[in-house]
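Sequences are here, hints too, so could you generate the full structure?
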Amino acid sequence: MEIQVIEKTNGRINRVTGTTIKERLRVCAYCRVSTDNEEQLNSYQSQLKYYD
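Just so we're aligned: 4 in the working numbering is position 3 of the sequence shown, and the numbers increase by one with no gaps anywhere.
Each hint should be verified, as a subset may be incorrect.
[Said to hold, decoys possible] Computed cross-link-like contacts, DSSO-like style, restricted to lysine-lysine with a CA-CA straight-line distance of at most 30 Å:
#1 K9 / K23
#2 K9 / K50
#3 K23 / K50
[To be verified] Computed beta-carbon distance windows for the label pairs:
#4 I7 / A30: 21 to 27 Å
#5 K23 / Q46: 32 to 38 Å
#6 Y51 / R27: 15 to 21 Å
Simulated from the structure, these hints should not be mistaken for laboratory data.
Ideal Cβ placement from N, Cα and C applies to all residues, glycine included.
In structure tokens form, the structure reads like this:
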């Protein structure tokens with residue numbers, strides 16, 4: 002099996018024009034659980050760890 006490494010592009014690509022966008026992208030993460038069940042607490046911690 003051969004692994005292909007794709008190098009990072011500086012900035013984002015505008016899908017309409019194909020040009021590079023230099024501004025930073027603002028994002029946020031939303032983590033939640035639906036019950037007080039102990040299994041859900043582990044799910045919440047896993048979500049936090051993933052986004053951290």
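### Task
Could you work out which earlier hints the structure fails to respect and list their numbers in ascending sequence?
none
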